[in-house]
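Starting from the structure of chain A, add chains B, C, D, E, F, G and H where the hints point.
Chains as they are written, first to last, in this note's numbering: chain A, 14 to 239; chain B, 14 to 239; chain C, 14 to 239; chain D, 14 to 239; chain E, 14 to 239; chain F, 14 to 239; chain G, 14 to 239; chain H, 14 to 239.
What the hints contain is simulated information worked out from the structure, not anything from laboratory work.
Heads up, some of the hints might be wrong.
[Claimed, not checked] Facing chain G, according to a computed beta carbon distance under 7 Å, are these residues of chain C, among others:
#1 P101
#2 T102
#3 G104
#4 R155
#5 A179
#6 V183
#7 L205
#8 P210
#9 G211
#10 S213
#11 V214
#12 V215
#13 L226
#14 I230
#15 E237
#16 T238
Please read these numbers as outputs of a predicted model, since none were measured by experiment.
Note that the Cβ used here is the ideal one computed from N, Cα and C, for glycine as well.
Here are the chains, one letter per residue:
Number of protein chains: 8
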Amino acid sequence: MADPLAGIAELDLDRTERRGFPEAVFCAGKTPEQVGKIAAAVAERPDLVTLFTRASAEHAAAVLAVLPDAFHDADAGLLAWPPKPPSPTGGLVVVLAAGTSDLAVAREAHLTAGFLGRRSELVVDVGVAGLHRILARVDLLRQARVVVVAAGMDGALPSVVAGLTAAPVVGVPTSVGYGAAFSGLAPLLTMLNACAPGVSVVNIDNGYGAGHLAAQIAAPVTEETR
Amino acid sequence: MADPLAGIAELDLDRTERRGFPEAVFCAGKTPEQVGKIAAAVAERPDLVTLFTRASAEHAAAVLAVLPDAFHDADAGLLAWPPKPPSPTGGLVVVLAAGTSDLAVAREAHLTAGFLGRRSELVVDVGVAGLHRILARVDLLRQARVVVVAAGMDGALPSVVAGLTAAPVVGVPTSVGYGAAFSGLAPLLTMLNACAPGVSVVNIDNGYGAGHLAAQIAAPVTEETR
Amino acid sequence: MADPLAGIAELDLDRTERRGFPEAVFCAGKTPEQVGKIAAAVAERPDLVTLFTRASAEHAAAVLAVLPDAFHDADAGLLAWPPKPPSPTGGLVVVLAAGTSDLAVAREAHLTAGFLGRRSELVVDVGVAGLHRILARVDLLRQARVVVVAAGMDGALPSVVAGLTAAPVVGVPTSVGYGAAFSGLAPLLTMLNACAPGVSVVNIDNGYGAGHLAAQIAAPVTEETR
Amino acid sequence: MADPLAGIAELDLDRTERRGFPEAVFCAGKTPEQVGKIAAAVAERPDLVTLFTRASAEHAAAVLAVLPDAFHDADAGLLAWPPKPPSPTGGLVVVLAAGTSDLAVAREAHLTAGFLGRRSELVVDVGVAGLHRILARVDLLRQARVVVVAAGMDGALPSVVAGLTAAPVVGVPTSVGYGAAFSGLAPLLTMLNACAPGVSVVNIDNGYGAGHLAAQIAAPVTEETR
Amino acid sequence: MADPLAGIAELDLDRTERRGFPEAVFCAGKTPEQVGKIAAAVAERPDLVTLFTRASAEHAAAVLAVLPDAFHDADAGLLAWPPKPPSPTGGLVVVLAAGTSDLAVAREAHLTAGFLGRRSELVVDVGVAGLHRILARVDLLRQARVVVVAAGMDGALPSVVAGLTAAPVVGVPTSVGYGAAFSGLAPLLTMLNACAPGVSVVNIDNGYGAGHLAAQIAAPVTEETR
Amino acid sequence: MADPLAGIAELDLDRTERRGFPEAVFCAGKTPEQVGKIAAAVAERPDLVTLFTRASAEHAAAVLAVLPDAFHDADAGLLAWPPKPPSPTGGLVVVLAAGTSDLAVAREAHLTAGFLGRRSELVVDVGVAGLHRILARVDLLRQARVVVVAAGMDGALPSVVAGLTAAPVVGVPTSVGYGAAFSGLAPLLTMLNACAPGVSVVNIDNGYGAGHLAAQIAAPVTEETR
Amino acid sequence: MADPLAGIAELDLDRTERRGFPEAVFCAGKTPEQVGKIAAAVAERPDLVTLFTRASAEHAAAVLAVLPDAFHDADAGLLAWPPKPPSPTGGLVVVLAAGTSDLAVAREAHLTAGFLGRRSELVVDVGVAGLHRILARVDLLRQARVVVVAAGMDGALPSVVAGLTAAPVVGVPTSVGYGAAFSGLAPLLTMLNACAPGVSVVNIDNGYGAGHLAAQIAAPVTEETR
Amino acid sequence: MADPLAGIAELDLDRTERRGFPEAVFCAGKTPEQVGKIAAAVAERPDLVTLFTRASAEHAAAVLAVLPDAFHDADAGLLAWPPKPPSPTGGLVVVLAAGTSDLAVAREAHLTAGFLGRRSELVVDVGVAGLHRILARVDLLRQARVVVVAAGMDGALPSVVAGLTAAPVVGVPTSVGYGAAFSGLAPLLTMLNACAPGVSVVNIDNGYGAGHLAAQIAAPVTEETR
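Here chain A stands alone, though its shape is the one from the complex (with noise of 0.2 Å):
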């Protein structure tokens, strides 16, 4: 039978076998048809995670049509399917969204990690104008096997959480912000330079990455990593 994705894409099947984690569909760049065309034929793989990111309304249009009951969060961009996230295991993952501009690409990493099957907890607003609010939170933050922090202009929120906690800081820039944030740079370049060791960085806007390594670095231990 010919292969309805011929001359499109060659999905990636066996990636949970190899790495534990199921493939994503990246929809920015595709057009609708072609990304229909992948929701189709994940339609006949029940048994595997596929998360549909950075998807436009029209994006989500096509990948309804043929998987109606697909969770669909239109702020993240985010379509999962099935619908439900598996029950958790691992460590807990903490996600912070500096302000409420960074709110979207915070829950796309939360809702990552929780498709990806791990507990996550979401705090919105707790940027470093006002310290009083992430100084509320260090308990919570304590019990993080990993801190996702998703923040734009100066970018200064996970250098602040880094030398709060013993865990992983996971720096996600968001390209909110005046001029010279010039789209997600400044704070990407901040991340970078956080003067706290212990905070590593992904793609400005990355909330599904940054969800995808928070589930990995919070993943139980297994046999083979003991």
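Here is chains B, C, D, E, F, G and H on its own, set in the frame of chain A:
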């Protein structure tokens, strides 16, 4: 008694308690005299592990004048006191150097992870120009709780490694390369844009930061973070 | 008779004789009216192959109004007249798209190579996150006289391909990706810094340029260049 | 009489009258001979405070050959004549150095504010990786009419300080750090993007500029500006 | 009672007490719904001055639906509640717009300073291409406690103004200009490199930040900061 | 009588006397209303030549509502009043457009030179990919008092032209091209680095600036500058 | 027997078989000791051509201590073993240096092509400021199977050459020039934006990469790639 | 007879005839030996004016060994042969140095204009921080046929000068300044964005280029360009 560090530095002696990891002394930008005074203060706290990073020959001499038995790796610019790493706990850290030119940075990461209490294994010259070299290490990669990858030039190795293992990958771009590497900017961007999820990035040539982060990720699970 | 292109363009009609390859009309930055006038001039020279590149829907309509039978690939923004490519000569061109999002650029290269007289084969979705996909094509790669690789994000595929074949590799960075891809700058730098020798690079999203160059590299050896 | 500075410089001797602050001589890019001639001209105007900034050892020697009693701080690259600062007026200037590596720049700001007539207090090593250090200085911050913050790496301290005080904050990015600090670009961008309003920024390593500005902000209110 | 802002924002209601200046709501990156909910929370605190900055027409509509009497300046993207600025105290703020194209940003600074309690005067079209225009305002400049200068293109006006007055100058680069202005980068760099000391810089187009800072600099001297 | 431009603009009416060239109104960043008011003020000074540059369709409508007979070139975004250029004096200005895509910018330069009183000749599509086209114009180039060259992409034409003539060359980089042209940055750098002396550069797409400068260079020698 | 390169390097000895071209040792970033050990390993494989690139005087001494008869070109930083290039096969490589300052890089390309088995001809000082120089070499260009062009400053020569020949052009930007060449960035961008198709680009100053690529392009056609 | 420059350089001896201006030898990137050989070739053509630019002490020694009477200005890195400039013709060139740190570049421009046959006047230390200094030179500016302005830091002087005179202004950014001057990038951008029309720009620190261009602009009108 007057503080001998007054006007120079304020050691963060509680960091071990607060974060579970000791402070390091970043020597670049400090005078050897300042570093020597800090070493003297350290000498009075044998209970704390202290690392001196980015130490030039002059910095090292100033430390060794006070702590003659300190561990010193000149290539990596690293000193440690006490000179023996603690007994390792937690998971395995694997550190890869894409080429021989990335070795100094990779050693800094490898040694840091060890002094912060982890088992660490260092593998050299496994760049993507000859894929058979990294493919021969897949078994080792799958035992790792975290993989650190130091790479300059195209910085492509973290993407490839992340596709081969469930462990999170910490990329450390290095500054060696031809002109358009722009002193590490090129591999930095490559790693931030890794097409395989599971890669996060620390600063250019920051082997210390990578090793510290790896030690956090591979730390034993505690009561609090269970 | 007045030149209908006066004040607009001066076609380089001798280019085929001088260089062995015909001129192409870069439509971006031209008005549809200007492109239409050029198409009219082209219509009078059926002996020449002419490509219209970077053609928007408006540009395409202006060309098709004059040359209704012209070949048109809307995704690749390409038109060709006459609509049939010549019989192929020379060596094989292999064009790879790292992901589905790179497909439009890869198609532009693939079609250009064909219209300039080469056999060309297009392979999709063979990015380095799942190495088995490219490793399964090694036999094809070794038959190629030249390999074109279109890749966005980390742009790592050309390095890997260059390590697998004796053929020269032409990298085409694409502009799709998260923020720190900086509209193609990241894969551009990656490819310029390829750790495997044998990679050269053309402009971001310039599938036409890659296909043209590939056609030149794979051209049959002439008396003059024997 | 011939002007001994002809063809070299034209001192702005009226600046004190026009602006209320004397001229400074920026030594970088001038030859020691040129600086020496300017010092000789200064020697004839004991009524004016003159600062020599960014003075290398050679520049300093040239000044001291003419003005042997001048004040000289080699770390900060600063000389002053006359060597005693005036009696302070106006409000308090507080200068913070995030780390020891920022000390030279912070001292330049601190000394400049003093020589321009302000009380100034210098505090070292209060970076955000250990928040308790800056929180312990809140009382001092609230007495300041202006706070100068010198910080390299992530440059996060000004944001935190601005959130703690009503005084305006002048950020001075410093050039010390790992590669992706890009010689001060990273903290410069951080400070420009401070999420707390009340931060403005001067040039990288420009302690003189920060100190001058602080002296202006904390100047006593005059009849004219009442 | 449930917090209506739960999961969206955490207002920093103590900021006035802590810093002496109220919080502002940065609308860019927030949805109109989120801004509307914040406006509703603000409506219950008539004792606090609140500014909404960077408000699009949609944001403004959401605010005005809840606070129909709020002050609104569409060009500056600013709303204020209560709609009347407080009686002014402290020194004079002078705001200059180098050209008409800089007027929106200058108005944002001017209005912000007024709503934060200062007298403010706005002067338009005094760029350095016709020096007589700024020279005619020297008397006004000398009455200012602080001067805000909004300028795009070459951003040269702050240097000239700083040479004419004892007051500190706050530069606000604007994003209008030809291509090599790079959306405000050019005037930003110009201002950071002002050859006259006394200039500091805020983010591109950040009239709010400039006005806030000016209000702080020109604030009345308090007991604490005497 | 109240100034109808109060709070909007301050026309530099003496510029013609002071500089010998009239003011132009840069429309980008101004509202159509503001431009309309300026046009109304211009209407009262028929003795002055006024150009409106970077005028969108809305700007143009606002001008033409007040000055219905004004000259308008929509492609170049230019309006002029009075609509006839003065009788030319001085030397010849030659304007070259490397490709058709550079024509709008080249026309802006050509028209500006004409309205400022020079003879100007425009030549299109003489890029370096077909050298015979520029070599065929060497005679014309040698009659020019100044040559303006508009070029995007590689921006190589000014170097070649400067090697062929004694006249100074004014390069105008244009923003058309593939991604790594970075909206005109690439040809801007090329022109700044021209290997043939005699090239200077104006801003990206700034045809007005190039035409103005050319008009100055080719101006008739006056008593004063003899 | 213990591997003398253990922990330093892993030579890719099969590269010749796999790719048809031998490995080269990139010396920059390696210590002379490391390079010396690699040379010793090379000494045992006389059947393989080995190049040492980017070799400083210290690197060269370390190689020559082990391989005293190795070929050494100090200007190009290149050593080769065995010292004689193989008998040439395939097509002609023409290498152009735009100016004398580009000669070292051009020589590296020229020598590399020779040691990898091609005929190569080197032509110096044919920059576009004096077009007659390159026009005098058109016959040679038309005999080439590939043309390598090393150029700094404006990097305009590849565009001109590509317009004159059917052969593919490999551009090598060099780092010599005034400040706004940004160490080779300017010619790099010029070449990426070449208005004539047929130009691809390698890294700044990477003569080795250009020569290697040229050797691949001009390689004799094999059974496999026929 | 063998060409002593074979393989090194090809002098463009016809340039004077073709362009009216002689060739200059750019020494940076050439070895002293190469420069010495070129000087020897020059020695045989006493009819040609030759400049050696960007000459280090070693370059200068190599030239002076062959041409001991050559003119040499070590600060400007310039040598000229024959050592006397020709009798001046054409209009006046005025060269301004904004500060003493810009003097070397300004002198290079001033000397170049003189050796290419123009009257030239050099004025030092007239930066915009003290406007009275440039305002005192308005009469001189109005006599100039062209004004060259060398400025670092904010690079604001050309905008101000262009507003004061009808003559074209050639801006030369210099590389002296604090960190965010980015080695001349800041003043380069400022000058490209000059708000007053009439400014064009040459490369950073390129005094030679500015002087050459000024000599062309101020050249006497010829029969051909009348």
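Here's how the hints hold up against the structure:
1. Nearest Cβ of chain G to the Cβ of C:P101: about 13 Å, over the 7 Å cut. The hint is violated.
2. This hint is violated: C:T102 has a C-beta 12 Å from the nearest C-beta of chain G, more than the 7 Å allowed.
3. Satisfaction of the interface hint for C:G104 is found here, the shortest Cβ-Cβ separation to chain G being roughly 5 Å, below the 7 Å cut-off.
4. The interface hint given for C:R155 holds, since its Cβ lies 6 Å from the closest Cβ of chain G, which is under the 7 Å cut-off.
5. Because the beta carbon of C:A179 sits about 4 Å from the nearest beta carbon in chain G, less than 7 Å, this interface hint is met.
6. The interface hint given for C:V183 holds, since its Cβ lies 6 Å from the closest Cβ of chain G, which is under the 7 Å cut-off.
7. This hint holds: C:L205 has a C-beta 5 Å from the nearest C-beta of chain G, less than the 7 Å allowed.
8. A least Cβ separation of about 4 Å between C:P210 and chain G falls short of the 7 Å threshold, and the interface hint therefore holds.
9. Because the smallest distance between the Cβ of C:G211 and any Cβ of chain G comes to about 6 Å, under 7 Å, the interface hint for this residue holds.
10. Checking C:S213 against chain G by beta carbon gives a least distance of about 4 Å; that is within 7 Å, so the hint holds.
11. Evaluation of the C:V214 hint against chain G yields a held restraint, the C-beta minimum of about 5 Å falling below 7 Å.
12. Restraint check, C:V215 versus chain G: the minimum CB separation of about 5 Å is within 7 Å; hint holds.
13. Look at C:L226: its Cβ gets to within about 6 Å of chain G, closer than 7 Å, so that hint holds up.
14. Annotation: C:I230 was flagged as interfacial toward chain G, and the flag holds, the nearest CB pair being 5 Å apart, inside 7 Å.
15. The beta carbon of C:E237 comes within 6 Å of a beta carbon in chain G, closer than 7 Å, and the hint placing it at the interface holds.
16. Given the 7 Å rule on beta carbons, the hint for C:T238 holds: about 5 Å separates it from the nearest Cβ of chain G.
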